[in-house]
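These protein sequences, in sequence, are chains A and B. The UniProt record's numbering applies: residue 1 is where the first sequence begins, and numbers increase by one. The UniProt record's numbering applies: residue 1 is where the second sequence begins, and numbers increase by one.
Calculated directly from the structure, the hints in this document are not laboratory data. Remember, it's a predicted structure, so these values are computed and weren't measured experimentally. It cannot be assumed that every hint is accurate.
Identical copies look the same in the list; a pair holds intra-copy or inter-copy alike.
Heads up, simulated EDC-like pairs for lysine to aspartate or glutamate below, C-alpha to C-alpha not over 16 angstroms straight-line [what the hints assert, rightly or not]:
hint	residue 1	residue 2
1	138	79
2	59	130
3	138	163
4	102	91
5	17	39
6	24	96
7	24	9
8	17	37
9	35	116
10	160	130
11	162	139
12	24	91
13	24	88
14	102	136
15	6	66
16	35	122
17	102	79
Protein chains: 2
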Amino acid sequence: MNFPSKLIENAVEELAKLPGIGRKTALRLVLHLLKAETEDTNLLSSALVRMRTGIRYCKTCHNISDQEVCGICSNPLRDRTILCVVSDMRDVIAIENTSQYKGLYHVLGGVISPLEGIGPSDLHIQSLVERLPSSEVKEIILALSPTMEGDTTAFYLTRKLKDYPARISSIARGVPVGGELEYTDEITLGRSILDRTAYSS
Amino acid sequence: MNFPSKLIENAVEELAKLPGIGRKTALRLVLHLLKAETEDTNLLSSALVRMRTGIRYCKTCHNISDQEVCGICSNPLRDRTILCVVSDMRDVIAIENTSQYKGLYHVLGGVISPLEGIGPSDLHIQSLVERLPSSEVKEIILALSPTMEGDTTAFYLTRKLKDYPARISSIARGVPVGGELEYTDEITLGRSILDRTAYSS
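My request is simple: use the sequences and hints to build the entire structure.
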């Protein structure tokens, strides 16, 4: 693509570095910004810079935070006996949106992935081990994606945490609510039979 | 969605104002920026601001330009007897990429669309009428999208330009190269029969 302006070309190239945005989409975004007020572009770009330079991570759970300790860790209403271990911030947001969980979190910052060169020491696993003894945690829920990497990380964590006296659980795997049995893959369906739950009578 | 940080929330909201980017995609972009170097965010945001504040429009053809007159209008190698009227800058880029056109352009800045409240006076039509008498233009190609709005604009332009002694043509409409007759809609196929071209013998 040949651009009539170096400024446009630059902006398109920077936008196209973002995941899922190609040069055509980037150009569409640039044209949108050109049609909108200059102020909109200023707001966008200052929000990005302030976010990137101002962001902090909670020193307890490593979730993203505006303060030294995040809103969840410092909330006296949260249940301090239960800890949910997740891969990243998006998982915290997803679980918070369910309104089904009132405990604390621990954000690993990824999962073990030898292919991508991510080992246990690249994740916040040591800090998890260190925060437990002085905590009131009685149950640790591993809420990791049901992938090879997620399962490897879960396996590593269960071994790493075996000396700490807490129940370690995993989020349930089974047929998604609203899903059709017919179209569920064999592994998930098999798992849903093995992990069947009794109707409370 | 509840965000653990006002800074993140702000950045997500600003990104989600862009067309085709929802809050989930915006969050993915934000997390990408957080994982990348701070410098990357600075580069992106300064490219956007410089683009938005520094951009100029060619005073002759209204294409986007870094100078007062754009690279195409000022290029002595372009054919000044032929003028292509397009809706916006993207069309110029698309036509330039074909390498099939060596004439000049005129960018209208949109098409007539009563539904969106865009009338002839909102477009660069008057300046088109004004630039013609002092030009060498012998043919005007209307390269507008084959939509209701594009056709309306083309009809308006043919009437507006009827006193100017130039041949007015439209880009060909027909079966796309590589397209299958079977899957071409009736209107396009009908048009392609009416506008059939003779094999040069």
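Right, here's what the structure says about each hint:
no. : hint      : in the structure
1   : 138 x 79  : within (10 angstroms within a copy, 79 angstroms between copies)
2   : 59 x 130  : within (12 angstroms within a copy, 66 angstroms between copies)
3   : 138 x 163 : within (13 angstroms within a copy, 87 angstroms between copies)
4   : 102 x 91  : within (14 angstroms within a copy, 53 angstroms between copies)
5   : 17 x 39   : between (23 angstroms within a copy, 13 angstroms between copies)
6   : 24 x 96   : between (35 angstroms within a copy, 15 angstroms between copies)
7   : 24 x 9    : within (11 angstroms within a copy, 27 angstroms between copies)
8   : 17 x 37   : between (24 angstroms within a copy, 13 angstroms between copies)
9   : 35 x 116  : between (41 angstroms within a copy, 15 angstroms between copies)
10  : 160 x 130 : within (11 angstroms within a copy, 78 angstroms between copies)
11  : 162 x 139 : within (12 angstroms within a copy, 81 angstroms between copies)
12  : 24 x 91   : between (30 angstroms within a copy, 12 angstroms between copies)
13  : 24 x 88   : between (30 angstroms within a copy, 14 angstroms between copies)
14  : 102 x 136 : within (14 angstroms within a copy, 75 angstroms between copies)
15  : 6 x 66    : between (37 angstroms within a copy, 7 angstroms between copies)
16  : 35 x 122  : between (44 angstroms within a copy, 13 angstroms between copies)
17  : 102 x 79  : within (6 angstroms within a copy, 71 angstroms between copies)
Consistency note: the structure conflicts with none of the earlier hints.
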